[in-house]
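Participant: Sequence:
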Amino acid sequence: MKARLASAKRPTALAMSVAAAVSVVFASAAAADVYPAVTYERLTAAQSDPGWLTYYRTYNGQAHSPLKQIDAANVKDLKQVWSYKFPADLQQGFEATPIINGRFLFVTTPKDNVYAFDAVTGKQLWKFEPKLGAESFKTACCDVINRGVALYGKNVYVAMLSGDVVALDAQTGTLVWRKQMFEPGLGYAFSLAPLALDGALVVGSAGGEYGARGFIAALNPDNGNVLWKRFTVPAAGEKGGDTWPNGMQDHGGAPAWLTGTYDAASKTLYWGVGNPGPWLADLRPGDNLYSDSLLALDPKTGDLKWHYQYTKHDTWDYDGVNTPVLATIKYENKDYDAIIHADRNGFFHAIDRSTGKLIYAKPFVTATSVTGYTPDGVPIQDASKYPKAGTTIETCPSFLGGKNWWSVSYDPDKHIAVVPALHACMSLSGKSVNYMEGLPYLGEGFEIKPEPGSKGYGELQAINVDTGKKIWSHWSKLPWNGGVATTAGGLAFSGSLDGHLYAFDEATGKVLWQSPKLASGVVAQPSVFEVNGQEYVAILAGYGGANPIWGGPMAKAAEKVPRGGTLYVFALNHHG
Numbered sequence: 001m002k003a004r005l006a007s008a009k010r011p012t013a014l015a016m017s018v019a020a021a022v023s024v025v026f027a028s029a030a031a032a033d034v035y036p037a038v039t040y041e042r043l044t045a046a047q048s049d050p051g052w053l054t055y056y057r058t059y060n061g062q063a064h065s066p067l068k069q070i071d072a073a074n075v076k077d078l079k080q081v082w083s084y085k086f087p088a089d090l091q092q093g094f095e096a097t098p099i100i101n102g103r104f105l106f107v108t109t110p111k112d113n114v115y116a117f118d119a120v121t122g123k124q125l126w127k128f129e130p131k132l133g134a135e136s137f138k139t140a141c142c143d144v145i146n147r148g149v150a151l152y153g154k155n156v157y158v159a160m161l162s163g164d165v166v167a168l169d170a171q172t173g174t175l176v177w178r179k180q181m182f183e184p185g186l187g188y189a190f191s192l193a194p195l196a197l198d199g200a201l202v203v204g205s206a207g208g209e210y211g212a213r214g215f216i217a218a219l220n221p222d223n224g225n226v227l228w229k230r231f232t233v234p235a236a237g238e239k240g241g242d243t244w245p246n247g248m249q250d251h252g253g254a255p256a257w258l259t260g261t262y263d264a265a266s267k268t269l270y271w272g273v274g275n276p277g278p279w280l281a282d283l284r285p286g287d288n289l290y291s292d293s294l295l296a297l298d299p300k301t302g303d304l305k306w307h308y309q310y311t312k313h314d315t316w317d318y319d320g321v322n323t324p325v326l327a328t329i330k331y332e333n334k335d336y337d338a339i340i341h342a343d344r345n346g347f348f349h350a351i352d353r354s355t356g357k358l359i360y361a362k363p364f365v366t367a368t369s370v371t372g373y374t375p376d377g378v379p380i381q382d383a384s385k386y387p388k389a390g391t392t393i394e395t396c397p398s399f400l401g402g403k404n405w406w407s408v409s410y411d412p413d414k415h416i417a418v419v420p421a422l423h424a425c426m427s428l429s430g431k432s433v434n435y436m437e438g439l440p441y442l443g444e445g446f447e448i449k450p451e452p453g454s455k456g457y458g459e460l461q462a463i464n465v466d467t468g469k470k471i472w473s474h475w476s477k478l479p480w481n482g483g484v485a486t487t488a489g490g491l492a493f494s495g496s497l498d499g500h501l502y503a504f505d506e507a508t509g510k511v512l513w514q515s516p517k518l519a520s521g522v523v524a525q526p527s528v529f530e531v532n533g534q535e536y537v538a539i540l541a542g543y544g545g546a547n548p549i550w551g552g553p554m555a556k557a558a559e560k561v562p563r564g565g566t567l568y569v570f571a572l573n574h575h576g
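Our numbering numbers the first residue of the sequence shown as 1 and each following residue consecutively.
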């Protein structure tokens, strides 16, 4: 029996009756399993939890599991336990990380569907299909994707392209509440997985390519009421507002479209901010705060503690949204509580997370727009790499970055960060543009080109965070768009567009195992979890996202990668 939940703003009689039908499906599948509540205390202790409770597994963004049943010696014996093929009409990118709590596994698909499974058997428990209208897809710049759910209490939360944030009963899929944060089709969208904190659910907007003024907001997880909302572009008269020409702040872009991280000890929320609008910097003189920046926020109020701007006055679309990972490092014989971050501008950063001061920044791909940083953390940018209307420049990396949104993984014991890097350059041609609500707001044309001297477009590389130096690399002719999960078993799991999930020796980069050919390429992050003493690895396959839309020669190289989504789960000697 299949059921769909109504897409009303609140639980109508129809929605509640359909949800009851979903409950019947659930009861027949797993009546013995009662959903375990996800408390703030569990989330702060997630590193010792056998599940994968939040987007990066833990608040610190490390995407590292303490599990070690699967290790370098036995990973060769990893076998598929179950899989689930999603409806054939979903041909877009499957970018969500599987989230696991007990035996409950949750994933999202393109167009904001939510599925719940028994993590051990693969039995579908329920699904939520909002059936969004075409207007919800109009201003989704980079495919109609969703990156996953948040768990809090007894609910599952999803932020949708339509501007709605939805709470679903985790046990049954019943609609609990629905809050619309903006009207669809006018520039904004949601594509991220929300972040659940202590009595707050945090989301950030997409829409930088449409000039939509970015924001980060916290909602009450009980009812969706807005607790606070912070725009990422200061208004005229506010601190930082003078870094924009007057009148441009209201459509300055600077989206906050990727899930942030959180330091429970200092009660600090870290959130990255994307590109300013329009792309053509010549039209908006100034540093353009807080575009391309890391914000350190008070999670109770949204007040700014400090900021660090990776790229000033950006004209290359070098969003600063990539994960701010909490790490303890020792650099030049001094210990730091740091943020590590592989930026789209091609530099791997270490930043003091209490002050926002730069520790180091070192290139991990060819970088010619930003060429370095001053000791005070100010980016050094080549003025000749700024196009004007009617002129063309060439630079590296491309607007897709030296690394895009794909998750890094950090092993706190080995002090290794494993980074999916992208080697591509571009030409940019300037052109005049005026802001019109709901229409692209770029002012630049572009063409992606191979990075000179590169061995391919994709490189999975390991970086010693105490030095910023590369330890090993694994090259790929195709872009490497899969996120990474490392484990205490000495492994790094990551999937590729070639249709395989790989297990690497984390210390050397040696490929220890690769899955049989999957139904499509991988553009998502794996998750690692344990149920009843059995360790599992889960991954979504389903090529899509930005590359086939904007990738030029990289899209051409991957044009034969099959489409469609499948969820795979692997284990050793599965015993149910």
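These aren't lab readings, by the way, just hints derived from the structure by calculation. Incorrect hints may have been included.
Unchecked claim - As a list, the in silico SDA-like pairs of lysine to any residue whose alpha-carbon atoms are at most 20 angstroms apart:
| id | residue 1 | residue 2 |
| --- | --- | --- |
| 1 | K312 | K414 |
| 2 | K300 | G509 |
| 3 | K431 | K239 |
| 4 | K385 | K455 |
| 5 | K138 | G163 |
| 6 | K414 | G509 |
| 7 | K239 | K330 |
| 8 | K455 | S384 |
Participant: Would the hint linking K312 and K414 be met if the CA-CA limit is 20 angstroms?
Facilitator: Violated, at roughly 33 angstroms.
Participant: Just to be careful, I want the Cα atoms of K385 and K455 compared with a cutoff of 20 angstroms; is the pair within it?
Facilitator: 25 angstroms, violated
Participant: Please work out if K239 and K330 have their alpha carbons no farther apart than 20 angstroms.
Facilitator: Given that 20 angstroms is the threshold and the Cα spacing comes to 34 angstroms, the pair is violated.
Participant: Starting from K138, check that the Cα of G163 is at most 20 angstroms away, please.
Facilitator: Holds - the C-alpha atoms of G163 and K138 are around 12 angstroms apart, at most 20 angstroms.
Participant: Regarding the pair K455 and S384, is the alpha-carbon distance no greater than 20 angstroms?
Facilitator: It is violated: about 27 angstroms lies between the C-alpha atoms, which goes past 20 angstroms.
Participant: For the pair supplied as a hint, K414 and G509, is the alpha-carbon distance within the 20 angstroms limit?
Facilitator: 14 angstroms, holds
Participant: Holds or violated: are the alpha carbons of K300 and G509 at most 20 angstroms from each other?
Facilitator: 41 angstroms, violated
Participant: Are K431 and K239 close enough, with their CA atoms no more than 20 angstroms apart?
Facilitator: 30 angstroms, violated
The structure is inconsistent with the numbered hints 1, 2, 3, 4, 7, 8, although it conforms to all the rest.
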